[in-house]
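Protein chains in written order, with my numbering: chain A, 1 to 119; chain B, 1 to 240.
These aren't lab readings, by the way, just hints derived from the structure by calculation.
Derived pair list, reagent style DSSO-like, types lysine-lysine, alpha-carbon separation capped at 30 Å: (1) B/Lys27 with A/Lys103; (2) B/Lys165 with B/Lys216; (3) A/Lys103 with B/Lys165.
From the derived model, a few chain A residues whose C-beta atoms are all more than 10 Å from chain B: (4) Phe46; (5) Ala52; (6) Pro68; (7) Arg72.
Just so it is clear, CB atoms sit at the ideal spot from N, CA and C, and this is done for glycine as well.
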Amino acid sequence: MAAMHELPVTQEILRIVTDYAQGARVTEIVLVIGDLTSFIDEAIQFYFDQIAPGTVAEGARLVFKRVPIRFRCRSCGTEFTPRQRDWRCPTCQTQGGEVLAGKEFYIESIGVIPQGGKN
Amino acid sequence: MCDTCGCGERTGEVQVTLPTRIPVVEKILNANDAAAEENRDHLRAHGITAINIMASPGAGKTQLLLATIEALKDRVRLGVIEGDTASQIDAERVATTGVPVVQINTGGGCHLDAPMVHRALHALPLDEIELLFIENVGNLICPVAFDLGQDYRVALLSVPEGDDKPYKYPAIFEAVDLVIITKIDLLPYLDFDVSRFEALVRALNPRAPILKLSAKTGEGVASWLAWLEARRGHPQEGSH
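Just chain A, with the same shape it has in the complex:
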């Protein structure tokens, strides 16, 4: 099954979400994950489904916002998303660049139904 490291990470997501929800029922969790990180949507979902029952986030929908890798060319400054095995700048062909995006790994927001609301 999934890479092991998503379990502690998913536990951490649940901890943060519980903290922010302050007792409210959580209906949605929006996660932002850069493609340069090793975190896999399916693995987080897999562990979430196992550990969420019995918590305020039971049944919450996970929304994964993937952020593609963006390079800024070190020669000409062009910003581009590299292909799988081809990191050449589309403008000047220089390989790679400074990483502008792709390292994101955070919870953007949660949707909650406040206490006293209908289930």
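For chain A, the structure is supplied; the task is to place chain B on it using the hints.
This is chain B only, laid out in the frame that chain A set:
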């Protein structure tokens, strides 16, 4: 009164059943990062320079560590944290050198994290250590996401693994302070294009030096020792 249908419900009570959005914008690894900062402060207070060594299983981390210990132990006070999923084998090999070593077994977990290193630090004689090696769990993917509080991060890539690995595992090569190609004694037998590998690492990370060595023959080990000597007692500011 409800303006819409006149049902007698106050609108406020209707609205509470609608989901409310709460902005969070919290890094999921914040707790680990905070623990890593504590480790960093703790290590600094003891004048220790810590090196986090990351590589695939079998890339030669322990072999290089043993060669390094052999070369340095008479003039530099060393310490080792060995990360492994289950066994004690590597720690036992290091222990035979007489250098203080602590084994962390992650219980199957694929990387070390900062709280694990924190606990390991308690088991080491910190006042007797100048240079601390943290051998991470063999894995090119996960360890890079977890700051341990080290000063420098080093990635090893062995010749048999192939020169295209930065394409598959860009995050680690982008993040480290030093890249070492190990097992260069095998270069005559394998299609590992050193310049291609160097170009891919440079594409991500122009600042990290790239060293080539064989812990088996000793070739190139001196450049690694020189790199270490230049950093001993010089913790890197803000290294994550």
